[in-house]
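Participant: Take a look at the letters that make up each chain.
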Amino acid sequence: MPINMMIIPAYYMIFGALILPLLPQKIRSGSFLLFPLLALITIWSFPIDHVIKINFLNYELILGEFNRLNRIFGTIFSIIAIIGGVYSYHLKEKGQQSAALLYAGGALGVTFAGDYFTLFVFWELMAVASTYLIWARRTKESANAGMRYLIVHLFGGSLLLAGIILNIYSTGSIIITSLTPDGSISSWLILVGVALNTAIPPLHAWLADAYPKATVTGAVFLSAFTTKSAVLILIKIFAGWEVLIFFGVMMALYGVVYAVLANDIREILAYHIISQVGYMVAGVGIGTEMAINGTTAHAFSHILYKALLFMGAGVVLHTTGRSKLTELGGIAKKQPVTLWLYMIGAFSISGFPLFNGFISKSMVVSAAGEAHFDTAMLLLLLASVGTFLHTGLKLPYFTWWSKSKEEIEPTKPPVNMHVGMLLAAILCTLFGVYPTLLYDYLPFTVNYEPYTIYHLTESIQILTFTFIAFWLLRKKLEGEPTLALDTDWFYRRPARLIQKVFVDSLETVFNYTEKLALSLSKEIIRVSRNPLILFDKSESDRDYDPDLHRATTHLLLMLIILSFAVFFLFSIII
Amino acid sequence: MKKWHWILLGVITLITLFSEFVLLADYPKKHWWSYIPAFYILWGFVGCVAIIYISKWLGKLFIQRKEDYYDAD
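Chains F and B are the protein sequences, given in the same order.
Residues 1 to 574, numbered by this note's numbering, are exactly what the first sequence covers, in order.
Residues 1001 to 1073, numbered by this note's numbering, are exactly what the second sequence covers, in order.
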């Protein structure tokens, strides 16, 4: 086999991450784009069902497995890395650029991994590299959120590893295969580990906690890779697990409720990642060919429009220094390009006809209907009402159109930020207008037509009346300067108690013991210098001086002379 | 919202109603809600109102806290 047929796409990204800091600044941002492009070309140069294997210890590792499912995920991961690279072209910080490439490399590695060992290595690589994109904001808040993010992901990673080890122990194989819901601990551990990265409540809080605190450009990459690579793993291992339908629908609505309460624009978008990934998780749970196609297509669409939305919110933050609805407003006329590019993302996520959300979300919803999960279908339609309400109406209305309390003068964003947004917006529209461009490459043959009169009527009715309800109640949706409690409470609040018991109290004991030991040794030193102080208080202010306590020499001499005199007299008398 | 915006929304609604009751009159009724006329209009409107009110109610009930809630951590 030629050597280039042995190189997996992830290596190009990782190589890029290593080489980038060594390049001169002038060509660094340009070179960034080269690596995902190479990865993309590689993905498409491999024939379907091409497999890259190596032997490692007693196991055969499948580093790359090129089937239709992996290819479509790998493609969108590479495309979004290119678009993210354009959006962050103005960045001069090599750390962030390297971390983004490393993160994308991790996502590609996970995508094409055929065995658990390879999967786990890239899984952890993603966790570490993505943390840097949060820390790079360099605020106290992001430092803390990044640490929580890392700890939670390492915890999820260890659950996954525990599941993998148990699974290998019972099956003797490290190959990733679909598991049946047989109640074995190993399957559930793997599921929980993957569910954490998929942000399935209650394991989702890291997402809404960390993404709004990441850097402007970092959040774009974050929105794309972690949850969607986890969805891919769910498809590979857990397709047809009906419990996922419940969790998928629940998370689709969960994100909607929290998006009502969120005040930070990137937090609203973060909660809507959870909501949108809910459709994908439900699709995996349904497990039919149509549902898996829908999940794949929706992941593809979602990565594009969500990155576009985060890029829009990022421009607002970059140009105004603000990200809270309560502090924004009245800038529609000052940044029309950003606004309208953002709106294309908003139309896409809301499922407007001619945009890519319409052609993918509806496939999952229809798959629920076809498989007779009527309640799930209805609730997913309700979640799409919430999506339009927040991402398409509340966020843009209060960010750009409503009156602000004070005049805001946004600065001019770097052109590349708009170019990045434009690229994503073009793709969102392109796939919306020509769905076959995507449908032809889905894992199974597609027998679904999105542009039917029924579907158009349904969507337009829902969207129109969501808008009317929003307009009538828009005052209710004004941002409030509050914080929404979420499941991160369980590890953030008890953290105080844990700190008190395991850190503060231990520290007190240590300090006391240290003090005690020091004063004891001081005392021993003092006593050793002059043990007489134990008996005589007047000795305490001086060291021991032997001369002070020794019998004087003249007394001795006097005694000797006296003895001689006594003996002398005695001898004379006798 | 200007007057013509409302007129536009009205026209769009009328077109969808025409589509629902004329073009799709014989469309197979696959779900229980297919028997409710203009169901998606209701679902969009009522759903939106419900999402706003229920979320706000939950927020006041136990979710919303002051912004500095975690600052002491």
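It is worth saying that the hints were derived from the structure and are not from the lab.
Hints may be right or wrong, so weigh each one.
What the hints assert, rightly or not - No farther apart than 30 angstroms at their CA atoms in a straight line, the calculated lysine-lysine pairs in the BS3-like style are these:
hint, chain 1, residue 1, chain 2, residue 2
1, F, K324, B, K1002
2, B, K1030, F, K405
3, F, K405, B, K1002
4, F, K403, F, K500
5, B, K1056, F, K324
6, F, K333, B, K1060
7, B, K1003, F, K333
8, F, K140, F, K475
9, F, K476, B, K1002
10, B, K1056, F, K475
11, F, K334, B, K1060
12, F, K26, F, K405
13, F, K140, F, K94
Participant: Does each hint hold? Answer for all of them.
Facilitator: Now for the hints, and whether the structure bears them out:
no.: 1; hint: F/K324 with B/K1002; result: holds (28 angstroms)
no.: 2; hint: B/K1030 with F/K405; result: violated (50 angstroms)
no.: 3; hint: F/K405 with B/K1002; result: holds (24 angstroms)
no.: 4; hint: F/K403 with F/K500; result: violated (46 angstroms)
no.: 5; hint: B/K1056 with F/K324; result: holds (18 angstroms)
no.: 6; hint: F/K333 with B/K1060; result: violated (35 angstroms)
no.: 7; hint: B/K1003 with F/K333; result: holds (22 angstroms)
no.: 8; hint: F/K140 with F/K475; result: violated (33 angstroms)
no.: 9; hint: F/K476 with B/K1002; result: holds (21 angstroms)
no.: 10; hint: B/K1056 with F/K475; result: holds (12 angstroms)
no.: 11; hint: F/K334 with B/K1060; result: violated (35 angstroms)
no.: 12; hint: F/K26 with F/K405; result: violated (41 angstroms)
no.: 13; hint: F/K140 with F/K94; result: holds (21 angstroms)
Hints 2, 4, 6, 8, 11, 12 from the earlier list are contradicted by this structure; the remaining hints agree with it.
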